[in-house]
Amino acid sequence: MVAVAPVLDISDLTVEFDTPEGTVRAVDHVSYSVDAGETLAVVGETGCGKSVTVLAALGLLGAGRIVSGAVTFGGADLLDMPAKKRRRLLGHDLTMVFQNPMTALNPVMTVGRQVAETLLVHEPKMSRGTARDRAIELLAMVGVPQPDVRYNQYPHEFSGGMCQRVVIAMAIANKPRLIVADEPTTAVDVTIQAQLLDLLRVAREETGAAVVMITHDLGVVAEVAERVAVMYAGRVVEMAPVEQIFRSPRHPYTVGLLSCLPRLDRDVSELIPIPGAPPDLRDVARGCPFEPRCEMSAARSACQNTRPPLMPADPNSVSACHFVDEVESWARARRGNVEEAA
Amino acid sequence: MGSYVIRRLLQFVPVILLASVAVWALIYAVPGNPADALVGPDATPQAVAAAKVRLGLDRPVVEQYFIWLGHALHLDLGHSAISGQPVTELMASRIPASIQLAVFSMVIGLVLAFPLGIASALKPRSVLTKAINLYQAVALAVPTFWVGILLIIGLAIRVHLFPSISNYVPFWADPVGAFKNTFMPALCLGTFISGIIARFVTASLRQSMSQDYIRTARAKGVPEYGVISRHALRNALLPTVTIVGLQVGSFLGGTVVTEVVFSYPGLGRMIYSAVTSRDYPVIQGAVLFIVVAFLAINLVVDVLYAYLDPRVQLR
Ligand SMILES: Nc1ncnc2c1ncn2[C@@H]1O[C@H](COP(=O)(O)OP(=O)(O)OP(=O)(O)O)[C@@H](O)[C@H]1O
Ligand code: SF4
Ligand SMILES: [Mg+2]
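Residue numbers (the numbering used here), protein chains in the order written: chain A, 1 to 342; chain B, 1 to 315.
Note that these hints are calculated values from the structure, not bench results.
This one's a predicted model, so the numbers in the text were calculated from it and none came from an experiment.
Note that beta-carbon positions come from the ideal geometry of N, C-alpha and C, so glycine has one too.
Accuracy of the hints is not assured; some may be wrong.
As the list claims (entries may be wrong) - Under the rule of at most 16 Å between Cα atoms (straight-line distance), these lysine to aspartate or glutamate pairs were calculated in the EDC-like manner:
#1 84(A) / 224(B)
#2 85(A) / 224(B)
#3 175(A) / 137(A)
#4 175(A) / 93(A)
#5 52(B) / 63(B)
#6 52(B) / 36(B)
What the hints assert, rightly or not - Partial selection, computed: residues in chain A whose CB lies under 7 Å from chain B:
#7 60
#8 87
#9 90
#10 91
#11 92
#12 103
#13 104
#14 105
#15 106
#16 108
#17 121
#18 152
#19 154
#20 186
As the list claims (entries may be wrong) - From chain A, some residues computed to sit far from chain B (all C-beta separations above 12 Å):
#21 37
#22 65
#23 98
#24 114
#25 195
#26 197
#27 208
For reference, chain B alone in the conformation it holds in the complex (with noise of 0.2 Å):
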């Protein structure tokens, strides 16, 4: 296992080089001259000079990437074209907002789904599942800002059970002010996916209860429960991770519209004001973050399904 680990991270390397290639020509791509693009529209030309030789700009173009790597390596992304504050300092900042959403949602998001999903894959008949059906529609059919807006004017403004713009505190500080703050864009995203994680749920529990082993369970006289529990549940739990996985690897980029939508701090609103301000700094940053958490999100879903299907060997 912790070879694996190590092997994996390994080939991560080629692809994190070529996101990095692909993150650095972005600036290539802008129309102008780099070093504009990088210290933003209204720098001193002072400051573009800096740039200049900061990032070797009369150098050979396969130099200036080298260069440019070295500093991301050091952790230097640059600053911020518009508030000069240094890229990974920003980042350090809404990093920790965003796994904290991310993991509010989710909670939220399997709270709802597995529930739902079991139900509806254990009754398929019943009016309860058609309700459940119809759940997932909409909370699958409805966009997440409408959801944000009504939740704002619902539970912040009508009866002031929530702030209407949501700080982020971690939830170590302080449990009560960090529940208070994320639940509604927790919510607004959770609903969201459990619409999409309740389906697959469904769909492998039912698939999982047409087994030949929950037969032989219920010969065996096991009582509905433990078939579902301990047979039913378990393999179906399989391809729900990788889904799961998928979520929650969408959701450490940022969720640019709920972020918006609550004021929330994280990388989705920081993405959407530096693409707004045209801050290519901080999209190349953002943009390098978010290839780098979907690997690493990755990694742990084969870990994890490695470690719920003993079928699969971790070589």
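If we strip away everything but chain A, and leave its shape as in the complex, we get (with noise of 0.2 Å):
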């Protein structure tokens, strides 16, 4: 692999919130970096942390507490540029997709005048009139129909796959660097979620923009991505290009993920969870937070004393398991155990 310059680059990244109940790590040392053009795919189970990583590294985050951490765009610092500069680079170099499409957009203006002002935002000299016609072409570009009349309607007159699509429109409004796409088809009907994604693949080759890509779906990433994050209560366990994920996972969690995903003979694509719940992210244990659920384990004491920090794996990838070179002779065992159950 040639060394190319990340675009978005984390590391150490810990967010913490202040609840009644206590502090919540939600985010703990988080790293991962996306190369100029590539797909990175994030998954977890929901409350991993996938989304507040992204919101605090853009800024983007309402509550919550940047402990640690260091973020940066294009070489430039995210976490302490003047709140102007991020600005600048929000919505245009880096652009973000949200999870629920019918609550992202502004209910009382119109779709059109939204896509607009996205584009007069960072081009403040532009006439109403070209941004508007921009806009307008911005919707035929992502499939909306009729994008003149559409142009005055109101979000609530769109269906929640057409939402997407204009928060889509306004996302790739500027060109951007770097696509955020976070869980951009949970929230739409399954139908309509190949289309969506179809949609972003156009969207990424004519901007050549890279994407990150967050998401609870496997298939998502078997489609999408390059390389894969696997975040597990607020951290990074595991990563690894696409094709490794899937032929050999390095660390017991991602196995269980895997062995969630639906057979050809079952058509539900959405994970299945792994039996247990994640840990309470207020009580910091000390020992690797998977211990509870994982089978690999068997209660030894590494696993229950000692955190294990995310160590490379082989050249390609790193895991976060002390015992990582178990996890393949394991795996497979363990898959010719459930067949032969099955």
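Two chains, each in its own frame: build the complex with the hints.
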């Protein structure tokens, strides 16, 4: 692999929330980076900190506090940057597609004006007429039918899928270098999901943007990503190229995720959770956070007492497991058992 | 929209009829003879007899109602039992005064409430917000008559900035005179409602600032000023419109205490003297007007709401 400077580089990011019940460490020393033109998928169960990581990185976190870490975009420090400078990047070089398209749009502003606003904010000299024409072009580009009519409509007159197309139009309006898509297909109909993914792929090809694709859905991962970061309980537990994740995962949690994947004879592509629940993020236990649910650990003392650091597992991947070398044979044996049982 | 307004106006008819029955029945609830109640305690026997004929008091009760209603529809609500002046004429001179006071008060109220409400929504933990909270509490807790008296003592008697008796000077005839005469009572009412409205603005702005579309706007690189003015405020206005409408409605019904304190010739003071002197025809007229005014304001609020919120369909 040629060494390219990453577009987005998150390193050692830690985010905490103060709640009445105590401090929640939602993101715990997370590091990942995306290279130009690359698609990185971030997967993990709900609540594992996928959204908080990117929101904190982009300075869009409402509550919550960044305890440590650094985030750079194109080499510039995003966290220490003055808000004004960051605003010039946001929506222009660095854009987001959100999880819930129905609430991501302002209900009392026409859809078209919301798209045009994205253009006008970054090019104040643009005339309103030009912005309008460009917005209509963008709506057409993302597959909104009758874009000149739809321009004047409000979000409640759009379906969820259509709203997401509008959000995508805003995200690609200024030819970004990075698109962060936070579960862009979770809230829409299964039939629409494939269309939206296609749209994102086309958008990415046209803009040459790198993509961070946050998702629950390993089907989506297989389809769009080049590299995968697996998160568990606020941390990255494994990161590897996509073929390798599917072929030979190097963390027991990833193995669990993959075995929940539907086989060809089933048609649900949603993750079926691994038995047990993620730990309470309030009490930072000493050992491996996955230990209570880990089938491979067998209550070994290293798992219970020492937190496994994220370490290279092989030339292409990193994994946070004390017994990373055992994962492959364990997974094979486990698969054998499961098939025998079936 | 036009057909919606017409339909709403038609819906008003039963409400107003119901109110009219109640207003009419008021006279029969008064102890003694309705005719006596209507013409007042000092009336001559001839006047009482005339009233009996005019209202058909010898006819069946239902018929009496329709006779009364017929008069009312011709804007004949009888005569004041005290001054003998026609009630509609009396009200016609008071209504513009009350409307002018209501408008002045609302302008002052909104001018105070919006900046305060916005400031405390945006900086919930600042010293400024604490000061604003205190202001709101005081504005709500201090009785308007007391503020009124303080204003009169301070601004009218000590320094002769404003007249101590507020007359009604129509704004279009003499803006300066209107301002001088209306400012103090309007300030009284305006500060009072600014507390209520500011609270609403704060609550609904805070609510809309936490919505997803605000994050979207920020993610687009919209400066904070635009996020607030274009995205948050417009949404926050929605619930505020309703409360402002209700306040305007209550102002139109006259603001008794303030008008009495400032001797302002609005509906409120008219109602006050009518009640103290048992001038039933005037009370009847005032109540009818208040009902109609409330309905009208409600309609205006609904239309405005639909204009501000595209999700609301006027059907
Ligand atoms: N405003 C908040 N206050 C307190 N805790 C929060 C807040 N926002 C997030 N969290 C905590 O942060 C954790 C991570 O949340 P996050 O939204 O990043 O999860 P996620 O991985 O994106 O999940 P999902 O797949 O459901 O979107 C959650 O478990 C939650 O407890
Ligand atoms: S460190 Fe131990 S508990 Fe954690 S994943 Fe590896 S084997 Fe399982
Ligand atoms: Mg999320």
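Hint check results:
{"no.": "1", "hint": "84(A) / 224(B)", "result": "holds, 10 Å"}
{"no.": "2", "hint": "85(A) / 224(B)", "result": "holds, 13 Å"}
{"no.": "3", "hint": "175(A) / 137(A)", "result": "holds, 14 Å"}
{"no.": "4", "hint": "175(A) / 93(A)", "result": "holds, 7 Å"}
{"no.": "5", "hint": "52(B) / 63(B)", "result": "holds, 13 Å"}
{"no.": "6", "hint": "52(B) / 36(B)", "result": "holds, 9 Å"}
{"no.": "7", "hint": "60", "result": "holds, 6 Å"}
{"no.": "8", "hint": "87", "result": "holds, 4 Å"}
{"no.": "9", "hint": "90", "result": "holds, 4 Å"}
{"no.": "10", "hint": "91", "result": "holds, 3 Å"}
{"no.": "11", "hint": "92", "result": "holds, 6 Å"}
{"no.": "12", "hint": "103", "result": "holds, 4 Å"}
{"no.": "13", "hint": "104", "result": "holds, 5 Å"}
{"no.": "14", "hint": "105", "result": "holds, 6 Å"}
{"no.": "15", "hint": "106", "result": "holds, 4 Å"}
{"no.": "16", "hint": "108", "result": "holds, 5 Å"}
{"no.": "17", "hint": "121", "result": "holds, 5 Å"}
{"no.": "18", "hint": "152", "result": "violated, 10 Å"}
{"no.": "19", "hint": "154", "result": "holds, 4 Å"}
{"no.": "20", "hint": "186", "result": "violated, 14 Å"}
{"no.": "21", "hint": "37", "result": "holds, 21 Å"}
{"no.": "22", "hint": "65", "result": "holds, 15 Å"}
{"no.": "23", "hint": "98", "result": "violated, 6 Å"}
{"no.": "24", "hint": "114", "result": "violated, 8 Å"}
{"no.": "25", "hint": "195", "result": "holds, 21 Å"}
{"no.": "26", "hint": "197", "result": "holds, 21 Å"}
{"no.": "27", "hint": "208", "result": "holds, 20 Å"}
In terms of the numbered hints stated before, the structure departs from hints 18, 20, 23 and 24, listed from lowest to highest.
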